[in-house]
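Number of protein chains: 2
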Amino acid sequence: MKKLINDPDSVVAEALRGMALAHPELRVDHENRIVFRGDAPVRGKVGLVSGGGSGHEPMHGGFVGPGMLDAACAGEVFTSPVPDQMVAATQGVDGGAGVLHIVKNYTGDVMNFEMAAELVETEVATVVVDDDVAVQDSLYTAGRRGVGTTVLLEKIVGAAAEQGRPLAEVADLARKVNDRGRSMGMALTSCTVPAAGQPTFDLPEDEMEIGIGIHGEPGRRRVPLAPAREIAEMLVEPVLSDLDFTSAPVICFVNGMGASPLLELYLMYGEVAALLEKAGVRVARSLVGPYITSLDMAGCSVTLLRADDDLLALWDAPVRTPGLRWGA
Amino acid sequence: MKKLINDPDSVVAEALRGMALAHPELRVDHENRIVFRGDAPVRGKVGLVSGGGSGHEPMHGGFVGPGMLDAACAGEVFTSPVPDQMVAATQGVDGGAGVLHIVKNYTGDVMNFEMAAELVETEVATVVVDDDVAVQDSLYTAGRRGVGTTVLLEKIVGAAAEQGRPLAEVADLARKVNDRGRSMGMALTSCTVPAAGQPTFDLPEDEMEIGIGIHGEPGRRRVPLAPAREIAEMLVEPVLSDLDFTSAPVICFVNGMGASPLLELYLMYGEVAALLEKAGVRVARSLVGPYITSLDMAGCSVTLLRADDDLLALWDAPVRTPGLRWGA
Chain G
1 MKKLINDPDS
11 VVAEALRGMA
21 LAHPELRVDH
31 ENRIVFRGDA
41 PVRGKVGLVS
51 GGGSGHEPMH
61 GGFVGPGMLD
71 AACAGEVFTS
81 PVPDQMVAAT
91 QGVDGGAGVL
101 HIVKNYTGDV
111 MNFEMAAELV
121 ETEVATVVVD
131 DDVAVQDSLY
141 TAGRRGVGTT
151 VLLEKIVGAA
161 AEQGRPLAEV
171 ADLARKVNDR
181 GRSMGMALTS
191 CTVPAAGQPT
201 FDLPEDEMEI
211 GIGIHGEPGR
221 RRVPLAPARE
231 IAEMLVEPVL
241 SDLDFTSAPV
251 ICFVNGMGAS
261 PLLELYLMYG
271 EVAALLEKAG
281 VRVARSLVGP
291 YITSLDMAGC
301 SVTLLRADDD
311 LLALWDAPVR
321 TPGLRWGA
Chain Z
329 MKKLINDPDS
339 VVAEALRGMA
349 LAHPELRVDH
359 ENRIVFRGDA
369 PVRGKVGLVS
379 GGGSGHEPMH
389 GGFVGPGMLD
399 AACAGEVFTS
409 PVPDQMVAAT
419 QGVDGGAGVL
429 HIVKNYTGDV
439 MNFEMAAELV
449 ETEVATVVVD
459 DDVAVQDSLY
469 TAGRRGVGTT
479 VLLEKIVGAA
489 AEQGRPLAEV
499 ADLARKVNDR
509 GRSMGMALTS
519 CTVPAAGQPT
529 FDLPEDEMEI
539 GIGIHGEPGR
549 RRVPLAPARE
559 IAEMLVEPVL
569 SDLDFTSAPV
579 ICFVNGMGAS
589 PLLELYLMYG
599 EVAALLEKAG
609 VRVARSLVGP
619 YITSLDMAGC
629 SVTLLRADDD
639 LLALWDAPVR
649 TPGLRWGA
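Each protein sequence line maps, in turn, to chains G and Z.
Under my numbering, the first sequence has 32 at position 32, and the numbering climbs by one with no breaks.
Just add 328 to wherever you are in the second sequence, counting from 1, and you've got my numbering.
Keep in mind that a hint or two might mislead.
Restricting the straight-line Cα-Cα distance to at most 16 Å, the calculated cross-link-like pairs of lysine to aspartate or glutamate (EDC-like) are [as the list claims (entries may be wrong)]:
no., chain 1, residue 1, chain 2, residue 2
1, Z, Lys330, G, Glu207
2, Z, Lys330, G, Glu205
3, Z, Lys330, G, Glu230
4, Z, Lys330, G, Asp202
5, Z, Lys606, Z, Asp572
6, G, Lys2, Z, Asp530
7, Z, Lys606, Z, Glu561
8, G, Lys2, Z, Glu535
9, Z, Lys504, Z, Asp637
10, G, Lys2, Z, Glu533
11, G, Lys2, Z, Asp534
12, Z, Lys330, G, Asp206
13, G, Lys2, Z, Glu558
Covered stretches of chain G, going by a simulated chain Z footprint (3 or more residues, C-beta under 8 Å) [stated by the list, open to error]:
no., segment
14, 53 to 59
15, 265 to 277
16, 293 to 300
These are computed hints drawn from the structure, not numbers from a lab.
The beta-carbon is built from N, C-alpha and C at its ideal position, and this holds for glycine as well.
Isolated chain G, as found in the complex (with noise of 0.2 Å):
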């Protein structure tokens, strides 16, 4: 295993002391594993509490701050967070007008979350992201699982909490972001997990694997290697049978797994988009990069939301983070 880490065991502990260091703007509770907003609770504002395992970076850590997250609860690597993780951070982002919960679709995040809500007095929504269009289960999940679309729907939700947005308008409009964003990724090579020392799976040299979850769990089915151009075409097409993205301007995010460049990524971006046009799908903003990974996994994954006049206006609104920053 080839990795610039200490001990496998205080990965995280470290990787979040050095975003500590790199971001004084932001306060991590290193105790909790909790990244804030330095100016955490913002009083009368929603608070946006997600989190997840980690090894998904810059997801979610790198998306707190001004016009996205309040807070972001950094579990093991791939591992959910647990609920006293979640309580301290509901509590912390508590600016008295509520906390909104983004958590992606995993067995384990889902529970910790609910069991969270439930201890603390702050009134909490819930938003569970399911966009993936691969499988129905799989390892960790009943139903589809939370992928690309929690990066667009942090950005966007985030710019609605900051607002000024009331609770209950703040979450329908992350399930509408959830309804409306549908995504699909391939992986090229497997992930290592720094406590597993190895590869989590086999894929042979002239081989990779479609439909890939973000922790290496199996895909849709794998296939000889084949030119980016089909490769694309592998991602697109079960996005654009799943919901119709012609009749709205649509949200278009490459994203890298981790390990693949972004010489690459614009190149697969190329190859999306001129395929999004063919089927007569108007892309009005786009996002090409490494945001939501698999650690050290070399592939891709391609997200399509269907917009609107409020989300693209949601889109464009300032934000001051790590992983996202434009704007003010």
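Keeping the supplied structure of chain G fixed, place chain Z upon it in accordance with the hints.
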């Protein structure tokens, strides 16, 4: 070779196509493989042109935009662009105030930028970046190689040009930044150049290379794999030995080589920051992420820049590029 590409010969052209589609605010000259600011030339502003071999993304094309570069020429992977590209870029950004060429110190790049400067009527100044303390001469370089400081320089000098500073002042500033920046890198794995189809060098499972260049050029030495803490020492020590960083605020940049995930880069930043504190170096600003990469190489580099009030203010100034974006 597992890559998201179609044909090894068309990688650069196809990545530029994707970049143009993803960033309509830029203008891509596909024939000459130049990424331009959409509004170039900017009347009365010094134009900044950089470029080099592809495979280091987001550098340089991802650093084109207000507050940074006016144009970037893309060569084939790890191969200098040709003088014709640099001529077209220089003419395309000439707003009447002259043009600065920002050149990483590799023999081909230096020669071709020199030739281009002689071929244009535009007033051209040149800065050659040579900040890598690892080795004196190397595979593609007489003298030190140009690496991480290039990112910081393009940001800082870009802000100065945006303010309307004249060419001589902008060029002096660029040389000052280069004089005050030092870098050292390491690799856990080799990169694979698409046209070669196999790793550039062999690195056994239990070894790493210290002092590596961004094209897989040999470094100082091969050593057994070590914990991040010791890797940080092997990078920070030679940088601190080369220049005094204790008497001024420092910008600290921990760069990913392409395949090392952000989780590991933040962990490395924590180690680097701890060493700097012990050495009496005051970090005023930081940057953590893959900004000057080497295709799919796993590893990282550390760059320190001895700043001052002017450099910090220019660092903080607004920038709007695909790769670096904040403020405004």
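Going down the list of hints, with the structure as the test:
1. Lys330/Z to Glu207/G: Since the Cα atoms of Lys330/Z and Glu207/G sit roughly 9 Å apart, the hinted pair holds (cutoff 16 Å).
2. Lys330/Z to Glu205/G: Distance of about 7 Å is within 16 Å: holds.
3. Lys330/Z to Glu230/G: holds, 14 Å
4. Lys330/Z to Asp202/G: Satisfied, since the Cα-Cα distance of roughly 14 Å is no more than 16 Å.
5. Lys606/Z to Asp572/Z: holds, 14 Å
6. Lys2/G to Asp530/Z: holds, 14 Å
7. Lys606/Z to Glu561/Z: holds, 12 Å
8. Lys2/G to Glu535/Z: OK: Lys2/G and Glu535/Z at ~9 Å, within 16 Å.
9. Lys504/Z to Asp637/Z: holds, 13 Å
10. Lys2/G to Glu533/Z: holds, 7 Å
11. Lys2/G to Asp534/Z: Holds: Lys2/G and Asp534/Z sit about 8 Å apart, inside 16 Å.
12. Lys330/Z to Asp206/G: Roughly 8 Å separates the two Cα atoms, so the pair holds.
13. Lys2/G to Glu558/Z: Roughly 14 Å separates the two Cα atoms, so the pair holds.
14. 53 to 59: holds (count 4)
15. 265 to 277: holds (count 8)
16. 293 to 300: With 6 residues closer than 8 Å to chain Z, the segment 293 to 300 of chain G meets the three-residue bar; holds.
Of the numbered hints stated above, none is contradicted by the structure.
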